[in-house]
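Undergrad: Read off the chains here:
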Amino acid sequence: MTRRGFLRITGAGLAGASLPWLAGCGGGSGSSGASAGGREWKRFSGMTINFISENTAPTSAIAANLTPFKKLTGISVTIQQLELTSLAQRVALDFGSHSGEYQVIYADPYQVMAPLHDRFTDLKEFMEDSSLPSVPKGTGDFIPTQLDAAGHFGDRLLALPYDAPTMIWCYRKDLFEKYHNRMQEDLGFDPIPSDSSTWEQYYRIAKWFNDNQDDVPYGAGHQAKQHDALMCDFSNVLWAYGGDYFEKGQKVGKLGTTDPGPSTLDSPEAIEAAKLYKKLIEIAHPGSTSWDWNDLGEAFGAEECAMCPEWHEFAAAWEVGSLKGNIGYARLPKGPARSANHYGGTGIAVNRYASEDQQKAAWLFVVWATSPEAQLMDLKSSVGGGTPTRTSVYQMPEVKHNKNPLTNMPNIVTAPAVLEAWEPQNIGLRPKIPSWNQCDTIIYSQVSQMLTAGKNPEDAMRDAKIEIDQAVKGVPSAI
Amino acid sequence: MMLPALVILTAISILPLFYIIWMSLNNLTLLGGTGISSHWTGLGNWGLMFTDPGVWAGWLAMVIYFIATVGLEIILGLVAALVIHEVVWGKNLALSLILIPMFIAPVIVGLLGRFLVNPTYGLYAWVLRESGIYGGNILGGSVSAFVAVVLMDVWEWTPLVALITLAGLVSIQPQILEAAKVDGASYLERLRHIVLPSIAGIIVALLIRSMDALRYFDIIWQATNGGPANATKIIPLRLYESAFRFFHLGYAATIGLLMLAVSILVANLFTGILRQRGLLR
Chain A
3 MTRRGFLRIT GAGLAGASLP WLAGCGGGSG SSGASAGGRE WKRFSGMTIN
53 FISENTAPTS AIAANLTPFK KLTGISVTIQ QLELTSLAQR VALDFGSHSG
103 EYQVIYADPY QVMAPLHDRF TDLKEFMEDS SLPSVPKGTG DFIPTQLDAA
153 GHFGDRLLAL PYDAPTMIWC YRKDLFEKYH NRMQEDLGFD PIPSDSSTWE
203 QYYRIAKWFN DNQDDVPYGA GHQAKQHDAL MCDFSNVLWA YGGDYFEKGQ
253 KVGKLGTTDP GPSTLDSPEA IEAAKLYKKL IEIAHPGSTS WDWNDLGEAF
303 GAEECAMCPE WHEFAAAWEV GSLKGNIGYA RLPKGPARSA NHYGGTGIAV
353 NRYASEDQQK AAWLFVVWAT SPEAQLMDLK SSVGGGTPTR TSVYQMPEVK
403 HNKNPLTNMP NIVTAPAVLE AWEPQNIGLR PKIPSWNQCD TIIYSQVSQM
453 LTAGKNPEDA MRDAKIEIDQ AVKGVPSAI
Chain B
1448 MMLPALVILT AISILPLFYI IWMSLNNLTL LGGTGISSHW TGLGNWGLMF
1498 TDPGVWAGWL AMVIYFIATV GLEIILGLVA ALVIHEVVWG KNLALSLILI
1548 PMFIAPVIVG LLGRFLVNPT YGLYAWVLRE SGIYGGNILG GSVSAFVAVV
1598 LMDVWEWTPL VALITLAGLV SIQPQILEAA KVDGASYLER LRHIVLPSIA
1648 GIIVALLIRS MDALRYFDII WQATNGGPAN ATKIIPLRLY ESAFRFFHLG
1698 YAATIGLLML AVSILVANLF TGILRQRGLL R
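Line by line, the protein sequences are chains A and B.
Numbering of the first sequence is given in the numbering used here, commencing with residue 3 and proceeding in unit increments.
Numbering of the second sequence is given in the numbering used here, commencing with residue 1448 and proceeding in unit increments.
The hints are simulated quantities; they were obtained by calculation from the structure and are not laboratory data.
Don't take each hint at face value.
[Unchecked claim] Result set (SDA-like, lysine to any residue): computed pairs, CA atoms no more than 20 Å apart in a straight line:
1. 475(A) - 1635(B)
2. 280(A) - 1691(B)
3. 475(A) - 1473(B)
4. 1538(B) - 1554(B)
5. 209(A) - 188(A)
6. 475(A) - 249(A)
7. 253(A) - 156(A)
8. 209(A) - 219(A)
9. 475(A) - 1500(B)
10. 180(A) - 219(A)
11. 475(A) - 1692(B)
12. 73(A) - 42(A)
13. 467(A) - 270(A)
14. 475(A) - 1472(B)
15. 457(A) - 1574(B)
16. 326(A) - 194(A)
17. 175(A) - 186(A)
18. 467(A) - 1498(B)
19. 277(A) - 180(A)
20. 457(A) - 1589(B)
21. 475(A) - 1691(B)
22. 475(A) - 1536(B)
23. 277(A) - 336(A)
24. 126(A) - 157(A)
25. 475(A) - 1489(B)
26. 1538(B) - 1473(B)
27. 475(A) - 1498(B)
28. 475(A) - 1487(B)
29. 475(A) - 1655(B)
30. 475(A) - 1538(B)
31. 280(A) - 338(A)
32. 475(A) - 1638(B)
33. 475(A) - 120(A)
34. 457(A) - 1495(B)
35. 382(A) - 180(A)
36. 126(A) - 359(A)
37. 209(A) - 186(A)
38. 467(A) - 188(A)
39. 467(A) - 1487(B)
40. 467(A) - 244(A)
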């Protein structure tokens, strides 16, 4: 057995070859033996690599604290942050020209990795190279569903999980407590979100808030703008009702495929889900049909609604504002099939068109940026960091102690809800297929027509199925 | 003598045009394979485009949008120019203030518009709601969202029409207007018989705005993303998505060529008018 293999299996990689930078950045978890790996980190000293990322909190946190990486490796990193659609476009053009301008890529599993999967280097190549540092604590430390969804395409490992936004039920704990008894009496069930809460109950709670109080204008808010956000919001209900985009949808979401088979959006379960979703939006805040996730986050923070399904990382903004301590977080309600919580995490990957040395330098950055200590640094970042994608970070004493009372890691307040949401039976995974961008556009366009132009749910789902089947075959269309 | 100019013209204009034509005859995509993959489809993309309901819906929205924006900009630009022309004191200040929107990037106009009509904190949304004029979600309804993006474009580009028209107004000799006034011509009569025929610049403004409106993108992309229910999804948005979101470059080239053909037709229409009036040599 090689040293690397041994370290990976025992989970001791962190202490051995990996992170001599810890002392420098004050990670403080007591890792040692750092000097053992010094030379392998310094091999590409003086090089500059480019990291292209969506403008997300974890990247802002990394960008604000690159010094430890520079000290450790001597490599300079230039970070370019863009809106996701622009990022996908730039990366596609970089791949198309084989220029390898961006060595490290924020590989959104659906909009970047799936359509361009052949252009990323299989990270196993670096993991098997004994001259390069290993992944601290091994890949087994990553939350398993995230490693599959954000990292794998087929049997290749193309990215390491980097961020993990997941949709959960965010609600005004103070209002739910204030009106608890009245709601329970009127509705006939305990309104506090729990494992037994259903989407039907969610609807009734929203309606109750609309009709019976004045603290907030509406009970529920949604991200139902004709945008990727609408597909994300709708999918929670679709999966909860037993529907899916393809027959083996969750497997397709987990590992990805180039041939998902025919769409199943015309199934009775999908149509039922669409009917319920339409019903939810009809009583939701009227602004919902023009809100994406950012607008909804702002509206909830501005006390426009009592609850919403939202990406959990918005907690970082809410928990430092006027609502601090007044928000509860729970797994999303269940439908007849299950509770489904849309996972929107992303990994970082290496561009195969970069030179061999640049790829290896990029690998060093990938290992560093996804290490437990970098994730802890993210969590504490004053610019609003992300949420850890590794189980070991949640076990760190300073993270555990931060959950209650909340101090300097606002995102960790959602940990109980998201850890439950990431369980295999609760996670919601959209299909990882090359034509996903086209399918995504078909879905949110059809659902938008259902919500705002009077199209009935049956027709919307059937039309979406027909168009998706064409898209999967590679037929171009202007949706 | 002409050779360098011809070489540059060929490099920046003619070669790309032929390349796009070649693209439209191929199934050129970034999906699958390890680079840009292509295979010859002949007129396949063209056949697909003419039978694609999405393309027709995009063109329909485009035509309505084109008529609404260009029409309103011409009327309001003309009125603004006439008013400024009559101003005696503070003309330069008034002109400077009116021109400000034109210098703002369209993408910022889209963002600004989106903030102003946001149902949570938007000033315009609040004013409309409180005055009882419109209480709904402006960007959440098909008609209201369409009207909103039209008005955003009108706000930004009316100053351009006003500026070009004003240049024409300045060139009218004051003696002619004074003579007409002495002869008893009313303001409307002077406008109809002297002012309007003298400001041929308005046709140039119409031409420039028409070309621009046909490739309008930024404001809608920022404000509505083409929604709701595809109500604001004009053809340039569909082209962009085909190329840079779905990576069907060959199909996008086909849509682009049709847009180019329409642009040339519209340009010819206006140059024809200018020629007819003896304003183009």
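Undergrad: Does each hint fit the structure? Answer for all of them.
TA: Structure-based check of each hint:
1. For a cut-off of 20 Å, the pair hint linking residue 475(A) to residue 1635(B) is broken: about 63 Å separates their Cα positions.
2. Distance restraint check for residue 280(A) and residue 1691(B): the Cα-Cα separation of roughly 30 Å exceeds the 20 Å cut-off, and the hinted pair is therefore not satisfied.
3. About 17 Å separates the Cα atoms of residue 475(A) and residue 1473(B), which keeps this hinted pair within 20 Å; it holds.
4. About 29 Å separates the Cα atoms of residue 1538(B) and residue 1554(B), which puts this hinted pair outside 20 Å; it is violated.
5. The hinted pair formed by residue 209(A) and residue 188(A) meets the criterion: a straight-line CA distance of about 11 Å does not exceed 20 Å.
6. For the proposed pair residue 475(A) and residue 249(A), the alpha carbon gap of about 16 Å is at most 20 Å, so the pair holds.
7. Between residue 253(A) and residue 156(A) the alpha-carbon distance is near 10 Å, which keeps this suggested pair within the 20 Å criterion.
8. Taken as a hint, the residue 209(A) and residue 219(A) pair is honoured in the structure, with Cα atoms around 11 Å apart against an allowance of 20 Å.
9. Of the supplied pair hints, the one linking residue 475(A) and residue 1500(B) holds, its CA atoms being roughly 18 Å apart against a limit of 20 Å.
10. Only pairs whose Cα atoms come within 20 Å are accepted, and residue 180(A) paired with residue 219(A) is accepted, the gap being roughly 16 Å.
11. Distance hint between residue 475(A) and residue 1692(B) is fulfilled; the C-alpha atoms sit about 16 Å from each other, no more than 20 Å.
12. Between the alpha carbons of residue 73(A) and residue 42(A) the distance comes to roughly 13 Å, so the proposed pair stays at or under 20 Å and holds.
13. For a cut-off of 20 Å, the pair hint linking residue 467(A) to residue 270(A) stands: about 13 Å separates their Cα positions.
14. Of the pairs offered as hints, the one joining residue 475(A) and residue 1472(B) holds, with about 19 Å between alpha carbons and a cut-off of 20 Å not exceeded.
15. Note on residue 457(A) and residue 1574(B): the hinted pairing is violated, with a Cα-Cα distance of about 31 Å set against a maximum of 20 Å.
16. Annotation: proposed proximity of residue 326(A) to residue 194(A) holds, straight-line Cα distance about 19 Å (limit 20 Å).
17. Under the criterion of a C-alpha separation no larger than 20 Å, the hint pairing residue 175(A) with residue 186(A) is consistent with the structure, at around 15 Å.
18. Taking the CA atoms of residue 467(A) and residue 1498(B), the gap is about 19 Å. The hint holds against a cut of 20 Å.
19. Of the pairs offered as hints, the one joining residue 277(A) and residue 180(A) is violated, with about 31 Å between alpha carbons and a cut-off of 20 Å exceeded.
20. Of the pairs offered as hints, the one joining residue 457(A) and residue 1589(B) holds, with about 13 Å between alpha carbons and a cut-off of 20 Å not exceeded.
21. The suggested pairing of residue 475(A) with residue 1691(B) holds, with an alpha-carbon distance near 18 Å, which does not exceed 20 Å.
22. A C-alpha spacing of about 67 Å is found between residue 475(A) and residue 1536(B), which places the hinted pair above 20 Å, so the restraint is violated.
23. Note on residue 277(A) and residue 336(A): the hinted pairing holds, with a Cα-Cα distance of about 16 Å set against a maximum of 20 Å.
24. For the proposed pair residue 126(A) and residue 157(A), the alpha carbon gap of about 10 Å is at most 20 Å, so the pair holds.
25. A distance of roughly 19 Å separates the Cα atoms of residue 475(A) and residue 1489(B); the hinted pair therefore holds under the 20 Å criterion.
26. For the proposed pair residue 1538(B) and residue 1473(B), the alpha carbon gap of about 56 Å is over 20 Å, so the pair is violated.
27. For the proposed pair residue 475(A) and residue 1498(B), the alpha carbon gap of about 17 Å is at most 20 Å, so the pair holds.
28. This hinted pair checks out: residue 475(A) and residue 1487(B) have alpha carbons roughly 17 Å apart, not beyond 20 Å.
29. About 41 Å separates the Cα atoms of residue 475(A) and residue 1655(B), which puts this hinted pair outside 20 Å; it is violated.
30. Between residue 475(A) and residue 1538(B) the alpha-carbon distance is near 62 Å, which puts this suggested pair outside the 20 Å criterion.
31. For the hint pairing residue 280(A) with residue 338(A), the CA-to-CA distance comes to about 17 Å; that is within 20 Å, so the pair holds.
32. Simply put, residue 475(A) and residue 1638(B) have alpha-carbon atoms about 61 Å apart, too far for the 20 Å limit, and the pair is violated.
33. Taken as a hint, the residue 475(A) and residue 120(A) pair is honoured in the structure, with Cα atoms around 18 Å apart against an allowance of 20 Å.
34. Between residue 457(A) and residue 1495(B) the alpha-carbon distance is near 25 Å, which puts this suggested pair outside the 20 Å criterion.
35. At roughly 32 Å between alpha-carbon atoms, residue 382(A) and residue 180(A) are farther apart than 20 Å, so this suggested pair is violated.
36. For the hint linking residue 126(A) to residue 359(A), the alpha-carbon distance of about 16 Å falls within 20 Å, and the restraint holds.
37. The suggested pairing of residue 209(A) with residue 186(A) holds, with an alpha-carbon distance near 13 Å, which does not exceed 20 Å.
38. A hinted pair counts as satisfied when its Cα atoms are at most 20 Å apart, and residue 467(A) with residue 188(A) does not qualify at roughly 40 Å.
39. Our distance criterion of 20 Å between C-alpha atoms is broken by residue 467(A) and residue 1487(B), whose separation comes to about 28 Å.
40. The suggested pairing of residue 467(A) with residue 244(A) holds, with an alpha-carbon distance near 16 Å, which does not exceed 20 Å.
Violated hints, listed in ascending order, are 1, 2, 4, 15, 19, 22, 26, 29, 30, 32, 34, 35, 38 and 39; each of the other numbered hints is respected by the structure.
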